[in-house]
Amino acid sequence: MNDGPLIVQSDKTLLLEIDHPKAADCRRAIAPFAELERAPEHVHTYRVTPLGLWNARAAGHDAEQVVDALVTYSRYPVPHALLVDIADTMGRYGRLQLSKHPVHGLVLSTTDRPVLEEVLKSRKVAPLVGARLDPDTVIVHPSERGQIKQVLLKLGWPAEDYAGYVDGEAHPIELEQDGWTLRPYQQQAVEGFWHGGSGVVVLPCGAGKTLVGAAAMAEAKSTTLILVTNTVSARQWKHELVKRTSLTEDEIGEYSGTRKEIRPVTIATYQVMTTKRKGSYAHLELFDARNWGLVVYDEVHLLPAPVFKFTADLQARRRLGLTATLVREDGREGDVFSLIGPKRFDAPWKEIEAQGYIAPADCCEVRVTLTDSERLTYATAEPEERYRYCATTATKRRVVEALVKKHEKDQTLIIGQYIDQLDELGEVLNAPVIKGETSNAQREKLFEAFRNKEISVLVVSKVANFSIDLPEATVAIQVSGTFGSRQEEAQRLGRVLRPKADGHSAHFYSVVARDTVDQDFAAHRQRFLAEQGYAYRIIDADDVL
Amino acid sequence: MTSQQSEPRPANAAVPRTLAEELRARDDHSLADLLHARPDLLNPVPSDLTQLAARLSSRASTLRALERLDRFTLQTAEALAAAPDGCADTVVRNLLGGPARVKPHPAATPADRAAVASALPAAIATLRSQVLLWGPDSALRLVIAVREALAPTAANPGRTGLGPTLAEATLGMSPARIQQLIAGAGLPPTADPVTAVAALGKLLQDRKRCAALLAEAPAPALALLEKLVWGPPTGTVPDAARPVTVDEARSPVEWLLARGLLLPSSAGSVVIPRELALHLRGERSHRTVEPTPPAITPTLERDPQAVDNAAAGQAYTAVRTVEELLEAWGLQPPPTLRAGGLGVRDLKRAALILECTEPTASFWLELAYTSGLLAPDGETDERWAPTPAYDHWLQQATADRWSLLARSWLAATRVAGLTGTPDGKGKTRAPLGPELDRTLAPSVRRATLEALAGLPAGGVADAATLLPLLRWQRPLRGGPVGADGRDFRDHLVDWTLHEAELLGITGRGALGAPARALLDHADPATVLDPLLPQPLDHVILQPDLTAIAPGPLLTPLSQALALCADIESKGGATVYRFTTGSIRRALDAGRSAADLHSFLAQHSRTPVPQPLSYLIDDVARRHGVLRVGAASSYLRCDDPGLLAEVLADRRAVELRLRMLAPTVLASQAGPETLLSVLRSMGYAPAAESAEGDVLLTHPDSRRTPPRTAPTPVPDGPPEPDRVLLTAAVKAVRAGDRAATAVRRETVTGPAAHRPQSGPARSDLRQLPRTAAADTLAALQTAVLLGERMWIGYVNAEGLSSQRVIDPVKVEGGYVTAYDHLSDEVRTFALHRITGVAELADSAQ
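Which chain is which? The protein sequence lines are A and B, in order. Heads up: the first sequence begins at 2 in this note's numbering, then just goes up one per residue. Heads up: the second sequence begins at 32 in this note's numbering, then just goes up one per residue.
Careful: at least some of the hints might be erroneous.
Unchecked claim - Simulated pairs of lysine-lysine, DSS-like, Cα-Cα distance not exceeding 25 angstroms:
{"id": "1", "chain 1": "B", "residue 1": "Lys456", "chain 2": "B", "residue 2": "Lys379"}
{"id": "2", "chain 1": "A", "residue 1": "Lys277", "chain 2": "A", "residue 2": "Lys261"}
{"id": "3", "chain 1": "B", "residue 1": "Lys601", "chain 2": "A", "residue 2": "Lys23"}
{"id": "4", "chain 1": "A", "residue 1": "Lys446", "chain 2": "A", "residue 2": "Lys261"}
{"id": "5", "chain 1": "B", "residue 1": "Lys379", "chain 2": "A", "residue 2": "Lys13"}
{"id": "6", "chain 1": "B", "residue 1": "Lys134", "chain 2": "B", "residue 2": "Lys258"}
{"id": "7", "chain 1": "A", "residue 1": "Lys222", "chain 2": "A", "residue 2": "Lys279"}
{"id": "8", "chain 1": "B", "residue 1": "Lys601", "chain 2": "A", "residue 2": "Lys13"}
{"id": "9", "chain 1": "A", "residue 1": "Lys101", "chain 2": "A", "residue 2": "Lys125"}
Rather than coming from a laboratory, the hints here were simulated on the basis of the structure. Note that the structure is predicted; figures quoted are calculated from it, not measured.
All chains, please: the whole structure from these sequences, using the hints.
Structural data, given as structure tokens:
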């Protein structure tokens, strides 16, 4: 038995005891091939998956290093079968290679002939390839570059893509680092991406993913297509690019439901890309509108299925994916790997927090006890109305009031799901409310006022879930949410994680009605954060009042 | 058939004349060794040495002993069988290693004469100690049954590939033809066929003269001999028996036939006489002689410490896996198939429980079964369930638990690797089913591990590396050969290596220290124990409602934890997750919230996270608030709000609830339905008894009645221990003294008793009477010496008669003999022979 910090489980999860003196070394050793699954206070859980192992191979690690890392740090003997399996899985990557042939264009070649024979037998591969040039090489239709990578990954023989990229239409872009510089991890992320050609950078919310995108553009110096989740986020990107780079407003176009601008740098929303008109995607021409040198995907974990399909046709362009997590609720991690690229960089949330780049947060669940009459009403409510009822009870209002009072010197956000509740809160607290019907101009104005501390309390609906930037919010109070969405919880916490000028810690309150479905949903939402290392305290409403 | 008569008898009086005499001359220790090596002789204990000698000569016992010889000892015995009886050890040495000045045949593997010379004494000693051979080094004599089993004949050339001797091949040939043959070979005519054959034999054995004779042969004839030289020694030719003379010879075959260089073995085939084949071979009995076992070199050498650690880790996993399987089966015992064994679906389920493949699951099942921890319960609706021995096993330390598994596995004749393969009728063999016993398995398993143990510590070897050695050690114990050309032993070695890795006998392919102790019959537990992770008394509680046991836990702790949390992942550590359901389960089992709090606080290395305390309190607060009665199926609650909630819930419609009072609901559904529906609705109701007490629920774990482990099917009698051996030797000695105290002439052939014609109705007392063992010994001697015997015989109708017979063969309980009474060759059942006597004028 050696005294390592790592325990290898039979289901291929790795448990890392983080209080152990060798924990940091061990984390560095296993990070290239294992995905961090949960990071609660004492023991972190990593998972070894084929994708993770192939990511490691793509980053230049070999099976020997992986086995060595496990054997060196494992407290108990590592099952032999697991080591064999790892070597076997890693050995599968790169047996097949896509490359450019001077005469025949794109070809698939192999270092191991039986593998090529095996995949060529597959009915899914057959329509994607052309003539056999020699026993080890076969022509691939250039348009099927993405398809074949997807199919080969599914067959368990991921191909390494050496076919290179087109340069795209050149466009000068420079970072303007006046008064700020790229953080070291952002620099590493950009280098990792650029060196690998295409791929995904994993950074927690608030860690400056936009800047990584901007730096990548400055590296590419070519026309760029940026795909983001929604319009607010698109504006945010534009704002940030103008501020941080040599690009001017005129060079950046927005392609959304309301505007259809195509400029050297164009920001489009997923929604407009997936809009169908008369059964066909109406805005596909955007992909061919310019000779894009770089395509940036924001929030890769939310990438809608049709966008994967378009992406398959963009394999000759450099692609950069940005995300907080590689875990997709729909399980399409494989498509991210084959179509956008392997993971090029990641850093865990807590580590960046420790470096002071994101604010430490104090998460608190405030339990509100319903009055007897409220309980009776709740009990007899129709099931579909129940959540709404318990999430918007009057008792919660008093708690929110008390919390706002407690943090009256801080910039406070109140986030909720139900407009009635928000309006009511806005009235009681005398604070402006931003909801779906609020015009964009009005929103910008209120955000600006909040930034300038002209107003200290802002009530927002779920329109603010994604990508709005409120730098000085230090307190967030969540009164209701979209049932049990873990994604939403993480995004909302992200609102208060931007580093604070005075180094204050942020506060995140979740007000929950006791013994109701509200509490169950809250527990589900919090699981993601607990796994990310945010310990929730639970306090009674009485302690606040 | 051998030519016994032509061999000179040893003249020296000190040399024992018979096998029984030789045995009598041995000391007790040597006899005990014999009985130890051949325990089948002990069953029943022979009454005296004559009987022991007779039993030693039985074919079955001899074959059993031969099967257990290593390749060189066997080759020694084969060389002896090809040589004349009573030859010296130098003759055998030359046959095996080749005479020094004779050039070996080009196809023969060069033999290391020195190695042969140094290995031979040990091989002869082995044969002698097992009494497959007797007599001094100067006159080695094979036991008859051994010679019969190994002597090359035309039909059965054996592994030497030699044919019959000239004398044997010419048996039954007309004297005129024999004279033709020696004339063909250029020898002068002789007076009788015996001297003629002897003269021809001498010619073939004389290297110079034989070479001269062959020098005259045409090339095609030599090529023909070349084909037969290493065996098989027979070739098919039309009309082989026709008497061809030198002048008539046209074809190469005829050229050889005319000179006695080929002899007819049947109407359609010819055989090369042994003397000629040996001449052509360069006087060697085997093409390849292997005096030493093939050396095995490890394919890889690992750090022995790492190997022991890996093996110990796997040993721990093995113990846990068996426990996990049996815990699951204790709660849900699967049915046995009508034909015995386990159904496919239940095997799949077991594989799912253990998170392994089905063949691996079969292995664990068989392991639990052979260790006596699992058995059919014997009920009418028969199921597989853990035995009471399992409960005892659970109480033991991990190392002791592993020892039981490892020992049972090593000795088991059941072969898990056979499950899933088709049997003779094409049906798939089910795990735990019948027909999985193979007597070969334990010896191959041990031999494989011992071969591994022979490597330096940390040495890894695969089946391909080990097999040559195993084949050398037991060339005749390969088992049936399959369609793929691999024999059963090949498969057994594969399975053994695979299973050894699963069980922690080996770690990363090399033998671990505990397994070495196991092989040395020492206690593996004492070696294993320090290698195992020490059980912990604490866990790490985390705010995400998990508890992590960073190693094995003390049994009471792990049981308590398994009650109040669900296991999420296993391995070196165990991850538990607390959920509303798991806490409720603990409360249902009678724990209180305060119990749980103090239990967690006591065993957690870290402070109990707040969310966990809240979870317990939340569940406890709601637990048991709703109470359900079995008698009247009511639902009562002190809280009208909650009851109203239940009553209003649409999902409760099927319960047909009616409000009796603000705090009591009645249901038309039975209490069980009521409980489950309420739980599915997310409530935590508690059942209550007629007195209003809360009913506690305990999962019932199933056990069989007391069961013993299946005894391995022995492939022979059990290995006798020293005490038995000493007692047996004493008994044999005593019996022998009694038998030999009286003079051997107790049943002398009375001269007055002349063979009568026709079945005699005389009194049985007039028949010769001897003990069964003496009868057998006397008849065997008679066969050897070609003597005529007088016997008393009782036929199937019970009529007794006296006959004079010339015994030819004694085998399988029958004597084949020429019967002077009926003037024909017939067989007599040994047990019907009342006794034997020598005829007064037996020399005649």
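To see whether the hints hold, each was checked on the structure:
For the hint pairing lysine 456 of chain B with lysine 379 of chain B, the CA-to-CA distance comes to about 23 angstroms; that is within 25 angstroms, so the pair holds. With a C-alpha separation of about 16 angstroms, the suggested pair lysine 277 of chain A and lysine 261 of chain A falls inside the 25 angstroms cut-off, and the hint holds. Restraint check: the Cα-Cα separation between lysine 601 of chain B and lysine 23 of chain A comes to about 23 angstroms, which is no more than 25 angstroms; the hinted pair holds. Taken as a hint, the lysine 446 of chain A and lysine 261 of chain A pair is honoured in the structure, with Cα atoms around 24 angstroms apart against an allowance of 25 angstroms.
The suggested pairing of lysine 379 of chain B with lysine 13 of chain A holds, with an alpha-carbon distance near 21 angstroms, which does not exceed 25 angstroms. Between the alpha carbons of lysine 134 of chain B and lysine 258 of chain B the distance comes to roughly 19 angstroms, so the proposed pair stays at or under 25 angstroms and holds. Pair hint lysine 222 of chain A plus lysine 279 of chain A does not hold up; C-alpha atoms about 37 angstroms apart against a cutoff of 25 angstroms. The hinted pair formed by lysine 601 of chain B and lysine 13 of chain A meets the criterion: a straight-line CA distance of about 10 angstroms does not exceed 25 angstroms.
For the proposed pair lysine 101 of chain A and lysine 125 of chain A, the alpha carbon gap of about 22 angstroms is at most 25 angstroms, so the pair holds.
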